[in-house]
Amino acid sequence: MGVKIGEGKFFERVDKGINDKFMRKAVKEAQTRLEGRKTQTTEEMGNWEDWRDLSEEIRQHTLENLDYYLDQFVENVAKQGGHVFFAEDAAEANEYITSVVKKKEAKNIIKSKSMVTEEISMNEALEELGCNVVESDLGEWILQLDDHDPPSHIVVPALHKNKEQIRDTFRDKRKYDKSSDPNELAQFAREQLRKDFLSAEVGITGCNFAVAESGTVSLVTNEGNARMATTLPKTQITVMGMERIVPTWKELDILVSMLCRSAVGQKLTSYITGLTATKEEGDVDGPEEFHVVIVDNGRSKILGTQFQSALQCIRCAACINVCPVYRHVGGHSYGSIYPGPIGAVLTPLLEGYDDHKELPYASTLCAACTDACPVKIPLHELLVEHRRVIVEQSGKSSFGEKLAMKGYAYAASNPSVYKIGSSSAPSFIGHVAKGEDGHGKGPGPVKLWTDIRDLPEPTGDTFRKWYVNREKGGGKS
Amino acid sequence: MTTGTIHNKDKFLRKIADQLGRKRRTEKVELPKWSKLPQYEVFDGLSKDELLDQFVLQCENIHTNVVVTTQAELKEMFPKIINDLGGKSIVHWKDPRFDEYGLREALENQKKSGVSVHEWNKDLGKRNIEKAEQANIGITFSDVTLAESGTCVLHSDNGKGRSVSLLPEKYLAIIPKSTLVPRMTQATDKIHEIAQKNGRMPSCINFISGPSNSADIELRLVVGVHGPVKATYIVIDDK
Amino acid sequence: MKVSLFLTCLADVVYPASVGKSTVEILERLGCEVDFPKKQTCCGQPAFNSGFHRESRDVAKHMIKTFEEAEYVVSPSGSCVTMLHEYSKLFSEDPEWQERAKALSDKSFELTQFIVDVLKVDDVGAEFHGNVTYHTSCHMTRLLKVKEAPMKLLENVKGLKFTELPNKQQCCGFGGTFSVKMVPISEQMVNEKVEHIEETDAEVLIGADLGCLMNIGGRIERQGKPIKVMHIAEVLNSQA
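If you read the sequences in order, they're chains B, Y and G. Going by our numbering, the first sequence opens with residue 1, and the numbers climb by one from there. Going by our numbering, the second sequence opens with residue 478, and the numbers climb by one from there. Going by our numbering, the third sequence opens with residue 717, and the numbers climb by one from there.
Don't take every hint at face value.
As the list claims (entries may be wrong) - Straight-line distance between alpha carbons at most 25 angstroms, and here's what the computed DSS-like set of lysine-lysine pairs gives:
| # | chain 1 | residue 1 | chain 2 | residue 2 |
| --- | --- | --- | --- | --- |
| 1 | B | Lys-195 | Y | Lys-603 |
| 2 | Y | Lys-488 | B | Lys-79 |
| 3 | G | Lys-755 | B | Lys-472 |
| 4 | Y | Lys-674 | B | Lys-79 |
| 5 | B | Lys-396 | B | Lys-301 |
| 6 | Y | Lys-513 | B | Lys-301 |
| 7 | B | Lys-4 | G | Lys-897 |
| 8 | Y | Lys-513 | Y | Lys-667 |
| 9 | G | Lys-781 | G | Lys-823 |
| 10 | B | Lys-376 | B | Lys-419 |
| 11 | Y | Lys-674 | B | Lys-250 |
| 12 | B | Lys-16 | G | Lys-897 |
| 13 | Y | Lys-505 | Y | Lys-667 |
| 14 | G | Lys-805 | B | Lys-396 |
| 15 | B | Lys-16 | B | Lys-28 |
| 16 | G | Lys-836 | G | Lys-874 |
| 17 | Y | Lys-599 | B | Lys-195 |
| 18 | Y | Lys-552 | Y | Lys-565 |
| 19 | B | Lys-376 | Y | Lys-510 |
| 20 | B | Lys-250 | Y | Lys-488 |
| 21 | Y | Lys-557 | Y | Lys-571 |
| 22 | B | Lys-9 | B | Lys-25 |
| 23 | G | Lys-755 | B | Lys-376 |
| 24 | G | Lys-897 | B | Lys-447 |
| 25 | B | Lys-357 | B | Lys-402 |
| 26 | Y | Lys-707 | Y | Lys-557 |
| 27 | Y | Lys-707 | B | Lys-163 |
| 28 | G | Lys-823 | G | Lys-884 |
| 29 | B | Lys-178 | Y | Lys-707 |
| 30 | B | Lys-376 | G | Lys-944 |
| 31 | B | Lys-195 | B | Lys-234 |
The set of hints was computed from the structure by calculation and includes no laboratory data.
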């Protein structure tokens, strides 16, 4: 699928999102519910800010020493019989993964949810090989059946679909003949996917956190699909972004706790699974062969820059669940598999500004995201930083904006110029506000403003006039 | 065990070090002293009985039925619980604790009453998985039990197959009260010790909190997706 | 106590005298000596948030100089005071200016914050009759972390019938240049805000930031709703 999803220009996608009534209702309800649950579980902790401080310290320390911890992790994996491949980019990762699958002569592959495999278009690479790749996360499976509809949320990927649409997809693709009751739909998925789990030769997973000290890969799920994918197939391949690592199990405790609470408001999800390399000798279930693919794909170039904190992300979607922009436009508007505030920060870093130049501006900088982030990524500040880079380095800001900002700054740092501007502003605004049709339609930004809103009516004196008069009068009004 | 292969490590890690503006870190990196350790404040100083109260409370939130019993009463309770879960077929770990807590006899009695009972047996290979897949009830002990989240921690080994807590329709965990700890922290501290000893890790450590579930359809909670649709915990008051 | 008023450009240029006048009158009533440094302009936020940091440094320097002599700087805007607090980051490579920026931020307060936290006053003796609700502006709440002060002061206004705004934590969709760069999104956001205001049956929406109020008020006007928008200074300056 790649990072980039969807067609059309940014504002076309936004327009489509805004006009999708079901999606908007679903997103609003989801935000209310997820945010409510998160607030409840974090408030009952009483010291949430301490947890956030600790989590931030852990993530920062790990990133600062990333080469060391990755080294420790992979040596521990290999020591216990697992294979490791470091992949520079999507092509390298897919080449290795397909080579393993080929060697195993595997046809049936079961997957548990993984954003990084979406990022590198792994499914497509395996399908080209003639493999049958089945997504086993319920949400991802729904999207896969529905002709690979892209995810619109990183935790609840099919958030934009209602149960009737899902029922229809099941009916059209799998001859489902029951109701749209989520229980019946899920039961059907359980039956269908059981067969896939049992017949798969290779299971592919993502990785929530890898533990350096033991060479363990941890997976956080509610459905149990990641457990299935790592219990039944003979070969397990885990694909992880290179930053998803913790030093020891002690730090795993903290970050898993933060992830579960921030993502879904649970103390722990139903299953937290720590998998270390292959099954042990004499074990009946679990993989005989274990591979971990560690993916860079643009991450390393974020290290050491002012954007490094973006790599602290633990993919909980708390920022998405509070974002007022996401609320109205939905996930697909972002044109990236990573939507919302973290998506707006991360996507241009991974993919460049060309296709995603609007994303840093798709925020009011209200800082709800920054407040919600369990690892304290200053998301709204990073969005401003993107804007600064666009202005100062990439030269991609428009000529008009440059002119306006330079003019503004000149006026705002030269009181005599500011005074001329400010004294003429009220009459100008008065003119616009009163416009011919009663709703002012002035030039440039003013027109854009008055497209949907009125301007304040200038009634009475300005403050400066009042103040000067009062000074002259010597008294207090 | 044969050692696995590692591809492209040096090039990859050198790039990271370059980006971070320094040489590769090859000497041991010490963990910093974290400024806060809030995890140890949770249920700090609570007795096992108080932890049990918290545990039972939390199990309500995770749709899990808890039965608290004594070892003496367990023999009576066990058939009732199996019956409530629909009997039919059981698969369970090969675990000395079944004898220790007097459950061996209870299982034998189940067998006599017509319930199919399968004990995980590594010599039977894949047959175990088929048994688990067809079983109505999977039974395991809890190695460590977390009060805060209502969690059973399960370490895999030869007799302790991963499938037992996963494939059957219902999951039954036997929890000695002595295994109760405040939260995940105490469990991971122990696992950390195993890792530090540098031995082979259990290949699979599961933290199980109730039945499998999903909210992927319109965010409505569905209990029972790929894993068990129902979870029951029996806590044995073993002092 | 000597206080220098930082009026903000919106109150200076776009809005009539009332907000600044109310601010001066309240502070004077509470015993402060208020002056208005006439060279003041804007906090620089439009340029800063748009990524024009070189330009905003010029504005920041001007503002730092303008208020250098002030004992306290008080402003009827949480957002603009937040921006003053950002100045020191702008000068991370210029220790001298960073020092001066820090001095400004240390003495700068949003109006209600100043009244409650510095003057230690919870009741300004105001009286205002009507059903009202209050919009918590994002920068003031989340970045300046002023949450309680306006509530405390409003609680003690005689005659006020207060209803809490549903989803009050949600941004109104102003966001400075966002309001003109991302009009379709801003429109949806402000529409939802207006819907929630209507749910409270308030006759008056109170806020502490003119940016938000200009956005919400402008939308209310356009939709022809009978809801009045007032700055908190105007309410706190109301007398029987």
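Now the hints, each set against the structure:
1. Restraint check for B/Lys-195 and Y/Lys-603: satisfied, since their Cα atoms lie roughly 16 angstroms apart, inside the 25 angstroms limit.
2. Distance check on the hinted pair: Y/Lys-488 and B/Lys-79 sit about 20 angstroms apart at the alpha-carbon level, within 25 angstroms; holds.
3. Restraint check for G/Lys-755 and B/Lys-472: satisfied, since their Cα atoms lie roughly 18 angstroms apart, inside the 25 angstroms limit.
4. In summary, the hint linking Y/Lys-674 to B/Lys-79 is supported, as the alpha carbons are separated by about 14 angstroms, within the 25 angstroms threshold.
5. Note on B/Lys-396 and B/Lys-301: the hinted pairing holds, with a Cα-Cα distance of about 20 angstroms set against a maximum of 25 angstroms.
6. A C-alpha spacing of about 31 angstroms is found between Y/Lys-513 and B/Lys-301, which places the hinted pair above 25 angstroms, so the restraint is violated.
7. Taken as a hint, the B/Lys-4 and G/Lys-897 pair is honoured in the structure, with Cα atoms around 23 angstroms apart against an allowance of 25 angstroms.
8. Between Y/Lys-513 and Y/Lys-667, the direct Cα distance comes to roughly 20 angstroms. Compliance with the 25 angstroms bound is thereby established for this hinted pair.
9. Using a Cα cut-off of 25 angstroms, the hinted pair G/Lys-781 and G/Lys-823 holds, with the two alpha carbons roughly 14 angstroms apart.
10. For a cut-off of 25 angstroms, the pair hint linking B/Lys-376 to B/Lys-419 is broken: about 41 angstroms separates their Cα positions.
11. Note on Y/Lys-674 and B/Lys-250: the hinted pairing holds, with a Cα-Cα distance of about 15 angstroms set against a maximum of 25 angstroms.
12. Taking the CA atoms of B/Lys-16 and G/Lys-897, the gap is about 18 angstroms. The hint holds against a cut of 25 angstroms.
13. Taking the CA atoms of Y/Lys-505 and Y/Lys-667, the gap is about 22 angstroms. The hint holds against a cut of 25 angstroms.
14. At roughly 24 angstroms between alpha-carbon atoms, G/Lys-805 and B/Lys-396 fall within 25 angstroms of each other, so this suggested pair holds.
15. For the hint linking B/Lys-16 to B/Lys-28, the alpha-carbon distance of about 16 angstroms falls within 25 angstroms, and the restraint holds.
16. A distance of roughly 19 angstroms separates the Cα atoms of G/Lys-836 and G/Lys-874; the hinted pair therefore holds under the 25 angstroms criterion.
17. In summary, the hint linking Y/Lys-599 to B/Lys-195 is supported, as the alpha carbons are separated by about 24 angstroms, within the 25 angstroms threshold.
18. Simply put, Y/Lys-552 and Y/Lys-565 have alpha-carbon atoms about 18 angstroms apart, close enough for the 25 angstroms limit, and the pair holds.
19. Between B/Lys-376 and Y/Lys-510 the alpha-carbon distance is near 19 angstroms, which keeps this suggested pair within the 25 angstroms criterion.
20. Proximity of B/Lys-250 to Y/Lys-488 is assessed by CA-CA distance (about 29 angstroms); at most 25 angstroms being required, the pair is judged violated.
21. Our distance criterion of 25 angstroms between C-alpha atoms is met by Y/Lys-557 and Y/Lys-571, whose separation comes to about 22 angstroms.
22. Between B/Lys-9 and B/Lys-25, the direct Cα distance comes to roughly 24 angstroms. Compliance with the 25 angstroms bound is thereby established for this hinted pair.
23. A C-alpha spacing of about 38 angstroms is found between G/Lys-755 and B/Lys-376, which places the hinted pair above 25 angstroms, so the restraint is violated.
24. This hinted pair checks out: G/Lys-897 and B/Lys-447 have alpha carbons roughly 11 angstroms apart, not beyond 25 angstroms.
25. Distance hint between B/Lys-357 and B/Lys-402 is fulfilled; the C-alpha atoms sit about 16 angstroms from each other, no more than 25 angstroms.
26. With a C-alpha separation of about 16 angstroms, the suggested pair Y/Lys-707 and Y/Lys-557 falls inside the 25 angstroms cut-off, and the hint holds.
27. About 23 angstroms separates the Cα atoms of Y/Lys-707 and B/Lys-163, which keeps this hinted pair within 25 angstroms; it holds.
28. A hinted pair counts as satisfied when its Cα atoms are at most 25 angstroms apart, and G/Lys-823 with G/Lys-884 does not qualify at roughly 29 angstroms.
29. Restraint check for B/Lys-178 and Y/Lys-707: the C-alpha separation of about 22 angstroms stays at or below 25 angstroms, so the hint holds.
30. As the CA atoms of B/Lys-376 and G/Lys-944 are separated by approximately 38 angstroms, the hinted pair breaks the 25 angstroms bound.
31. For a cut-off of 25 angstroms, the pair hint linking B/Lys-195 to B/Lys-234 stands: about 15 angstroms separates their Cα positions.
Hint compliance for this structure: hints 6, 10, 20, 23, 28, 30 are broken, all remaining hints hold.
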